[in-house]
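Novice: Given chain E, put chains V, F and X in place with the hints provided.
Protein chains in written order, with the numbering used here: chain E, 283 to 375; chain V, 315 to 650; chain F, 2 to 212; chain X, 298 to 842.
Source of the hints: derived by calculation from the structure; they are not laboratory data.
Don't be surprised by glycine CBs; every beta carbon is placed ideally from N, CA and C.
Each hint should be verified, as a subset may be incorrect.
[Stated by the list, open to error] Covered, in the sense of this in silico footprint (three residues per stretch, anywhere, with C-beta under 8 Å from a C-beta of chain E), are these stretches of chain F:
1. 18 to 30
2. 140 to 153
3. 160 to 174
[Unchecked claim] Simulated crosslink set (SDA-like; lysine to any residue; CA at most 20 Å straight-line):
4. V:K426 - X:D830
5. V:K367 - X:E753
6. V:K367 - X:S609
7. V:K382 - X:R492
8. V:K382 - X:R639
9. V:K453 - X:S609
10. V:K563 - X:S366
11. V:K426 - X:R492
12. V:K367 - X:G657
13. V:K382 - X:A535
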Amino acid sequence: MSGISLSTTSYRNVSIVLFTLLVVTLVLAELHLGPLAWVAALVIACAKTVLVAVYFMHLRFATPLTRVFALAGVVWYVILLGLTLGDVLTRAH
Amino acid sequence: MTSRGAVNSGFSLWPETASVGAEQVDLVYLALLGLTLFFVILLGALALGFGVKYRVGRAAHRREVVHKTHLEVVWITAAALITLAVCLWGTYVYVDAVTPPPDARNIYVVGKQWMWKVSHPQGPREINELHVPAGVPVKINLTSQDVIHSFYIPAFRLKRDVLPQTYTSLWFNATRPGEYHLFCAEYCGAEHARMRGRVIVMEPAEFQRWLSDSKDLEPEPIPNAELAEARSDGHAEVFARYACGDCHKSGPTPEGPTLVGLFGQPVRLRDGRTVVADEEYIRQSIMEPNAAVALGQAAPSTMPTYAGQVDDEHLWQLIEFVKSLGADAGGIGPTP
Amino acid sequence: MTHLAIAPQFDDAAQQHESAALGMWAFLATEVLFFGGLLTVYTVYRMAHPAAFAEASSHLYTWIGAVNTVVLLLSSWTMALAVHAGAHGERARIIRMLAATMALGLAFLLLKAVEYYLDFHDHLVPGRAFRPDWSTNAPAAQMFFILYFILTGMHAAHMLVGVLVVACFVAVIRTTPSPARHANALELVGLYWHFVDIVWIFLFPLLYLVA
Amino acid sequence: MTTLDAIILPAPSYLTAHWSLRSWLLTLDHKRIAMLYLTSITAFFFVGGAAAVLMRLELATPASDFVVSGAYNRLFTIHGAVMVWFFLIPSIPTVLGNFLIPLMIGARDLAFPRLNLMSWYVFMAGGALATGSIIVGGVDTGWTFYTPYSTTYANSAVFPMVAGIFVAGFASIMTGLNFIVTIHTMRAPGLTWFRLPLFVWAMYATSLVLVLATPVLAITLVLIAVERFWGVGVFDPALGGDPLLFQHLFWFYSHPAVYIMILPAMGVVSELVACFSRNPIFGYRFVAYASMAIAILGFLVWGHHMFVAGQSVHASMVFSFLSFLVAIPSGVKVFNWIVTLRNGTIHYKTSMVYALGFIGLFTLGGLTGLFLATLPVDVHVHDTYFVIAHFHYIMVGGAVMAYLGGMHFWWPKIAGRMYNEGWGIFSAILMFFGFNLTFFPQFILGYLGMIRRAAEYPPEFQLLNVLSSAGASILGVAYLIPLVYLTRSLVRPATAEANPWNATGLEWTVSSPPPEHNFDSTPVVTTPPYSYDAEKTAELEAVSP
Chain E
283 MSGISLSTTS YRNVSIVLFT LLVVTLVLAE LHLGPLAWVA ALVIACAKTV
333 LVAVYFMHLR FATPLTRVFA LAGVVWYVIL LGLTLGDVLT RAH
Chain V
315 MTSRGAVNSG FSLWPETASV GAEQVDLVYL ALLGLTLFFV ILLGALALGF
365 GVKYRVGRAA HRREVVHKTH LEVVWITAAA LITLAVCLWG TYVYVDAVTP
415 PPDARNIYVV GKQWMWKVSH PQGPREINEL HVPAGVPVKI NLTSQDVIHS
465 FYIPAFRLKR DVLPQTYTSL WFNATRPGEY HLFCAEYCGA EHARMRGRVI
515 VMEPAEFQRW LSDSKDLEPE PIPNAELAEA RSDGHAEVFA RYACGDCHKS
565 GPTPEGPTLV GLFGQPVRLR DGRTVVADEE YIRQSIMEPN AAVALGQAAP
615 STMPTYAGQV DDEHLWQLIE FVKSLGADAG GIGPTP
Chain F
2 MTHLAIAPQF DDAAQQHESA ALGMWAFLAT EVLFFGGLLT VYTVYRMAHP
52 AAFAEASSHL YTWIGAVNTV VLLLSSWTMA LAVHAGAHGE RARIIRMLAA
102 TMALGLAFLL LKAVEYYLDF HDHLVPGRAF RPDWSTNAPA AQMFFILYFI
152 LTGMHAAHML VGVLVVACFV AVIRTTPSPA RHANALELVG LYWHFVDIVW
202 IFLFPLLYLV A
Chain X
298 MTTLDAIILP APSYLTAHWS LRSWLLTLDH KRIAMLYLTS ITAFFFVGGA
348 AAVLMRLELA TPASDFVVSG AYNRLFTIHG AVMVWFFLIP SIPTVLGNFL
398 IPLMIGARDL AFPRLNLMSW YVFMAGGALA TGSIIVGGVD TGWTFYTPYS
448 TTYANSAVFP MVAGIFVAGF ASIMTGLNFI VTIHTMRAPG LTWFRLPLFV
498 WAMYATSLVL VLATPVLAIT LVLIAVERFW GVGVFDPALG GDPLLFQHLF
548 WFYSHPAVYI MILPAMGVVS ELVACFSRNP IFGYRFVAYA SMAIAILGFL
598 VWGHHMFVAG QSVHASMVFS FLSFLVAIPS GVKVFNWIVT LRNGTIHYKT
648 SMVYALGFIG LFTLGGLTGL FLATLPVDVH VHDTYFVIAH FHYIMVGGAV
698 MAYLGGMHFW WPKIAGRMYN EGWGIFSAIL MFFGFNLTFF PQFILGYLGM
748 IRRAAEYPPE FQLLNVLSSA GASILGVAYL IPLVYLTRSL VRPATAEANP
798 WNATGLEWTV SSPPPEHNFD STPVVTTPPY SYDAEKTAEL EAVSP
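So here's chain E without its partners, still in its complex pose (with noise of 0.2 Å):
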């Protein structure tokens, strides 16, 4: 069903466009940019998921339920990670 609508053609083009930002990945990590290549290499790697998610797994003709589904696990792991941290990061000993 819902697979029809994207093309043999377009599935090459996002896994260039993926293997062209593992590539970046690498010669970043190689350049040493210090904390700024973590950061680089997250962005990168979230690029990488929004691609897969919205390409292969279809997400781009999914219905909007099956979107917040997708986004929950995200978000709800934004919360264990974040209020986690407030406590870590704020601690005084």
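Specialist: The following block gives chains V, F and X in isolation, referenced to the frame of chain E:
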């Protein structure tokens, strides 16, 4: 020393209040109690009133139910305002309770399974007892030797978890001389319920006298220390230095097997093997506690490795000490 | 649509498909939180010991990690094509693409096994065998490797499940009279596979590129 | 079979459609799976209850003379773990939820019947592991498994218990996932979200919590198991680990888990209050939204379990504030239930007595929750009997009362039999009395400073403990009475009609017990829920004999 206070006192419905902070906590508690009473009476009266008036078979004028959103808004707002007020007041009291004044007197407390070890910077050390002066801010610095404990003095309304590898603290300003309970509030193993002590609040002058009297006082002998005191040759001192007797007592305990009568005897291991407790076995057990765990003990062993901590001479002395315990397999009392 | 098998509790194929897709996405949300718990632990310790983590990370075989990333991205591509073929009911292409996906999945696991072997050889396995003579902060370095093994181990377990499911699917598609009947199920397998790929997309920079 | 036969003979119910053991153990029928769960969780309830009775016996005296300390520690661990994971969390969802959700929304079954059956087997496997840990010596860590005690120091069967809870977690996830999908996709035509019974709303909110919280518990338990086996682990302070991190992960699950227990109970009570006051629920939408608000806010407050644990002062303040917020939707529900009584025609049936008991006990439990959210008060009463009393008011006074109220309400539907109302009301009142006698003294004990998880206590606490133990024995008897008369109703031919309470809701439109496939034809819904008309019912009852 005064004997007034919570320890061994009779039945009551309200705990002793013996610190400045405790009075603050009681005020907040009373306010919450009032709030609870108000809502229980309000809701109870409504439920009872409706329940009687509209019970089946009773002729009452029953109007059609119309939902009123403004009612919902009223009680949402009321609940929000009341809770916000209590929350802010509580937070205000709490900030005070966790901020020790800079001139507070320091006392160090180590929790271990299952006792409180107290050290005063002036010298005296105590076990399961804590002497403090009244009217002076006292800061207790806490750490644990093993698991998480919690240092709890109900009369001061104070509690703080005691963590391994971490320092936590609490402070109080005791108001009334007397004896008060000291509990471990965080479950910490088999004898958690018995990890109790006394806080003895004294008049400052009396406390000063106690301090100078106790300067040379060693902690009262406790069962764990009996092994170390059993021998008066140099080996026992090494045994005591590494606190081996904290776990290895005169009988088997969850923390460690007894060393009495061990040497030269066959030992059954968890993995089914049986080995003879010779010099090499003792050495290995000290340096690599997990290599050969005796039957009935935890695996992985609860004993930390002493590799890199015990030098060869001490190791030898420890082995000699265990050997000497094997000589009389009958018991551990203070032998000649 | 007509050749889809409809279970008795559903009214029509659309309801069945919507239920299956929603169920799978809800399951993936639980998976996010499963790995999320581990990543929370990782983040807390990495913030506590940035230098030790960077030092420890440099002892990993980055090239194996990078090659494995390529392998997994490729497998996601072939899986996407398999789902695409499934929607068109092209039996031969489904089997070809699934076989490629499975082969890539196995290649990933094989490389991972080789890497574990090398790590073991380098005394990087936490516990008594852990000998970080290079380390300035051995406990923190060991913590990094504990997390490395648990994270990659959990991921590899998910990969293994994925490979097995794909293998079963190949068997089903080979014998079924109508491959199109299984298009929805294939789509769900695809969702799972891509998710496992996404987990690796994060694990690679988090574990291998700390320096 | 001729057409005539088909008209005369009633269709067999789900209970009588098949008779073989196999037809029960391999059933895909949500109603039969609910019955499988009912028998299992009843057994677990009495296992956990037996542990509680032994604990209260020990606590009748200050010394540990009835059981030794080590045995007592195993008792409270068993009591906590079994009651939380094998009774309270599955109770209303897997029994009433499984049975009622498809019936209430006009569906033939849940979306994934096989997954539903599998969840029961997984649950039983988890239960076998957890109870197996009792046989191989018991666990002494407390149900919270705090590290490093559970990982490094405990010398007891931690692993089977942890594994059992880990496995049972998958059953939770399967159930929650099934409910979410079913409620989204399988509602009958015309059954919009705001025409759903509030029980379904509550089950939806509960399922969200089940699905989003349980995986974090799963990974936390894996980390404990790894640490026990491997000897090194992420929570070991000796290796630079942070034991507080364990508490964060644990409470991220375990605080929302409290809402897994209480939200379904609130849903049940909404049904009961509406039916037996013959009134629509006052503020239906607010009650529905309150369920969702509680489910979501429930994820933001776990740090209030860590106010004295060494958590940062700033984090504690934030968690304290967020905890107060949960009081608002809970209060909304209580107010709306009470106002629903107004202008109603109140029938004091067994279920209604349970529902009113719930409202009273939950109100007290909720208000004492405010004490625990207040930072300085929590510092004093944390880990004391005040906490024990508070959460038993919520979980036993709340969840168990509502569960039993719901069982009595839907028993005619489930079993097709009526029970003796006199015994029902008597045991409900006895339970309310026994409960308060057991747990109210514990509030006082907590403020006096009596710590939890201790077999021994100072002698001045004895009087209140004796009261509590006496209450526990009354409570124990009160729990056995329904077991007896409900079981007796099965062999006694007091057949229930399709709708004995004149209740609204699709589940009452099918026969009692329902046929195997629920509905002959898919129902179409055209009215809002709870279309009770108080005046009319009162008049109708006045003229009927």
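Novice: All hints, please: hold or fail.
Specialist: Each hint tested on the structure:
Under the rule that three or more residues need a Cβ within less than 8 Å of chain E, the assignment of the region 18 to 30 of chain F holds, with 8 such residues. With 0 residues bearing a CB less than 8 Å from a CB of chain E, the region 140 to 153 of chain F misses the requirement of three and the coverage assertion fails. Counting residues of the region 160 to 174 of chain F whose beta-carbon sits less than 8 Å from any beta-carbon of chain E gives 0, not enough to reach three: the coverage restraint is violated. Between V:K426 and X:D830 the CA atoms are separated by roughly 66 Å; this puts the pair beyond 20 Å, and the hint is violated.
Proposed proximity of V:K367 and X:E753 is contradicted: the alpha carbons are some 49 Å apart, above 20 Å. Distance restraint check for V:K367 and X:S609: the Cα-Cα separation of roughly 52 Å exceeds the 20 Å cut-off, and the hinted pair is therefore not satisfied. For the given pair, V:K382 sits about 19 Å from X:R492 by alpha-carbon distance, which is consistent with the 20 Å threshold. The straight-line distance between the Cα atoms of V:K382 and X:R639 is roughly 13 Å, inside the 20 Å bound, and the hint therefore holds.
Restraint check for V:K453 and X:S609: the C-alpha separation of about 18 Å stays at or below 20 Å, so the hint holds. Restraint check for V:K563 and X:S366: the C-alpha separation of about 19 Å stays at or below 20 Å, so the hint holds. At most 20 Å may separate the alpha-carbon atoms for a hinted pair to count; V:K426 and X:R492 exceed this at roughly 59 Å. Distance check on the hinted pair: V:K367 and X:G657 sit about 19 Å apart at the alpha-carbon level, within 20 Å; holds.
Note on V:K382 and X:A535: the hinted pairing is violated, with a Cα-Cα distance of about 60 Å set against a maximum of 20 Å.
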